[in-house]
Amino acid sequence: MTTTIQKTMKGLWSLIVGLKVTGKEFCRPWITVHYPRQEVTNLDTFRGHIDLVPVLDDPEKPLCIVCRRCEEVCPSGCIRIEGHVPGEEKEVPVRQLLLVSNISLPHSAAREPICATDKTLRVLDGFSLNYNLCSLCGLCVQSCPVSSLTFSSDVYLAGASRKDFEFDLLQRLIDRAGSTKLKKAA
Amino acid sequence: MLDKPSFSLDGDYYSSRFSELGKGEGDTLVLNLGPQHPSTHGVLRVIVELDGEYVRRAEPVLGYIHRMHEKMGEVKTYVQYLPNMGRVDYLHALAWNWAYVGAVEKLMGLEVPSRAEYIRVITCELNRICSHLLWWGAYVLDLGGFTPILYAFDDREILMDILQIPTGSRLTYCYYRFGGVSADLTETFLTQTRNFIERFKTRIPMYHDLVTGNMILRGRCEDIGALPAEMARRYGATGPVLRGSGVAYDVRRVEPYSVYDQFEFDIPVGKNGDAMDRYDVRMAEMEQSVRIIEQALNQIPDGPFINPDVPDRIMPPKGEVYFAVEGARGKIGVYLVSDGTARPYRLKLRAPGFSNLHVFAELAQGTILADAVSILGSLDLVIPEIDR
Chain W
1 MTTTIQKTMK GLWSLIVGLK VTGKEFCRPW ITVHYPRQEV TNLDTFRGHI
51 DLVPVLDDPE KPLCIVCRRC EEVCPSGCIR IEGHVPGEEK EVPVRQLLLV
101 SNISLPHSAA REPICATDKT LRVLDGFSLN YNLCSLCGLC VQSCPVSSLT
151 FSSDVYLAGA SRKDFEFDLL QRLIDRAGST KLKKAA
Chain D
1 MLDKPSFSLD GDYYSSRFSE LGKGEGDTLV LNLGPQHPST HGVLRVIVEL
51 DGEYVRRAEP VLGYIHRMHE KMGEVKTYVQ YLPNMGRVDY LHALAWNWAY
101 VGAVEKLMGL EVPSRAEYIR VITCELNRIC SHLLWWGAYV LDLGGFTPIL
151 YAFDDREILM DILQIPTGSR LTYCYYRFGG VSADLTETFL TQTRNFIERF
201 KTRIPMYHDL VTGNMILRGR CEDIGALPAE MARRYGATGP VLRGSGVAYD
251 VRRVEPYSVY DQFEFDIPVG KNGDAMDRYD VRMAEMEQSV RIIEQALNQI
301 PDGPFINPDV PDRIMPPKGE VYFAVEGARG KIGVYLVSDG TARPYRLKLR
351 APGFSNLHVF AELAQGTILA DAVSILGSLD LVIPEIDR
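So the protein sequences, as listed, match chains W and D.
Taken in order, the first sequence gives residues 1 to 186; the numbers are from my numbering.
Taken in order, the second sequence gives residues 1 to 388; the numbers are from my numbering.
Restraint-style ranges between C-beta atoms, simulated for each label pair: (1) Leu190(D) <-> Gly178(W): 36 to 46 Å; (2) Ile216(D) <-> Arg28(W): 23 to 33 Å; (3) Trp13(W) <-> Arg346(D): 49 to 59 Å; (4) Gly319(D) <-> Leu43(W): 36 to 46 Å; (5) Arg199(D) <-> Glu39(W): 15 to 25 Å; (6) Leu297(D) <-> Gln171(W): 43 to 53 Å; (7) Arg28(W) <-> Ser16(D): 51 to 61 Å; (8) Asp154(W) <-> Gly366(D): 50 to 60 Å.
The list that follows gives simulated cross-link-like pairs (lysine to aspartate or glutamate, EDC-like), each with its CA atoms no further than 16 Å apart: (9) Lys24(W) <-> Asp209(D); (10) Lys201(D) <-> Glu287(D); (11) Lys20(W) <-> Asp209(D).
Since the hints were made in silico from the structure, they are not lab data.
Here a beta-carbon is modelled for each residue, glycine too, at the ideal position from N, C-alpha and C.
Taking the hints into account, I'd like the entire structure generated from these sequences.
Structural data, given as structure tokens:
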């Protein structure tokens with residue numbers, strides 16, 4: 001009998017202890033944000049889909065040297081690249097897929113920015129990304145020998161069809177260049 | 001050829017076979033729990049035979065989220081398989097990352113710089129706390145307490161923000177690389193981790209006040225699903241499920257990999273092996289993880305975060321290798337056979353949840369259905385890991 005009462009009292013006390021925690025929490029300020037009226041602030045490190053990086057002196061020209069390493073290393077095959085050698089009609093051949101597993105080491109010092117005036121052998125004609133298939137592993141960015149790829153921090157992507165997530169990265173680069181030019185002009 | 005359709009109004013193959021196998025005496029009811037059921041997390045299906053409210057038999061049905069991860073390993077190159085590892089067990093993704101890169105490194109004899117080892121320890125332990133917090137919230141949710149998961153997510157959200165800094169993702173990390181990690185830890189990461197640890201030390205007593213001492217939780221956990229050590233061993237259960245039964249088996253201690261032999265930490269164990277013991281073990285493990293992270297933060301050396309001599313072509317020599325790490329749910333093992341080409345010949349993943357799940361059928365026998373749900377929750381199952 002006494003043990004039952006003791007047990008009950010102990011149990012009831014445990015509920016009061018729990019309620020104390022709830023009470024304290026009730027007085028704390030909000031920690032969530034009211035999306036979409038407010039947005040969180042910690043998105044700068046978030047990795048979104050990839051984007052092309054332009055050369056230093058021309059925001060419309062990508063750094064890409066059409067080596068097709070990213071296309072080859074991508075586990076889901078979501079990158080398609082088109083390029084040609086200037087003066088020649090033939091396209092740059094697709095590398096023999098899946099034979100090499102290459103990740104260049106991210107030694108940033110070894111990666112000097114390439115200027116547009118440099119004689120680059122190959123010209124990029126198209127860079128399409130099928131973001132539906134991408135698993136955001138970052139292998140393409142790491143395997144790029146000239147740091148021509150970067151992550152966007154676009155988290156609020158939403159669309160009604162698959163087409164909305166098939167990006168033409170070259171076009172995006174040109175659009176971005178256009179908007180910065182407009183800003184400068186303004 | 002199937003001589004009858006695989007699905008009819010009498011139920012599918014599994015439920016009709018289950019009914020045929022155990023036509024016991026009395027008026028019993030065969031009930032399907034899941035694959036869509038709030039207490040089965042993910043897509044686990046459990047068929048139970050009920051005698052009134054008592055479970056007479058139970059049988060888990062697997063395979064609803066089978067994604068052929070092992071087969072994918074045979075068609076992708078070593079590097080291309082990396083993102084798969086974050087998706088086997090999405091709650092402790094970094095442990096799976098580690099198990100895979102560790103196996104390849106062992107086979108190739110690749111050295112990992114000591115800074116990278118410390119980075120791996122810190123991030124993996126943070127991820128373990130993440131996983132245990134989610135389990136804690138979800139378990140109490142299964143038992144009918146809604147608010148604790150919100151407290152757990154408060155802390156987990158901070159952890160995910162921290163892990164987002166080096167990894168770039170919030171859940172399915174693909175961070176470890178052969179010979180190191182893909183990005184160095186920043187000063188922001190280190191400060192935020194230190195702040196989190198200070199905060200978390202005050203949060204754990206709060207968790208105990210809010211839930212552990214609660215009489216209702218104790219009533220639903222104590223003496224429920226007592227798992228004898230012998231039975232846990234028989235099923236190959238590992239992790240907190242085995243440790244809850246009093247066996248101090250932790251891969252970090254018994255086969256120390258990486259730099260785990262340089263840290264002081266305890267292996268919490270239970271006594272009776274009931275749901276409460278498993279609960280206590282996980283709560284204590286979070287504290288131990290904090291201890292490991294603190295030591296690692298103080299000892300972390302400077303240097304490269306990836307071995308600069310990693311070959312451009314990852315082509316391990318012919319041979320086989322087994323590498324095991326301690327995940328939040330138990331022993332994660334990767335068995336790899338290489339034929340010297342760019343792709344693994346065979347990749348076998350040992351998921352701890354698979355072994356842990358199967359003790360359920362025996363534990364649930366003779367319990368009330370509500371207790372069976374409590375047992376299921378206390379095993380901390382992640383179904384994608386079990387199905388692979």
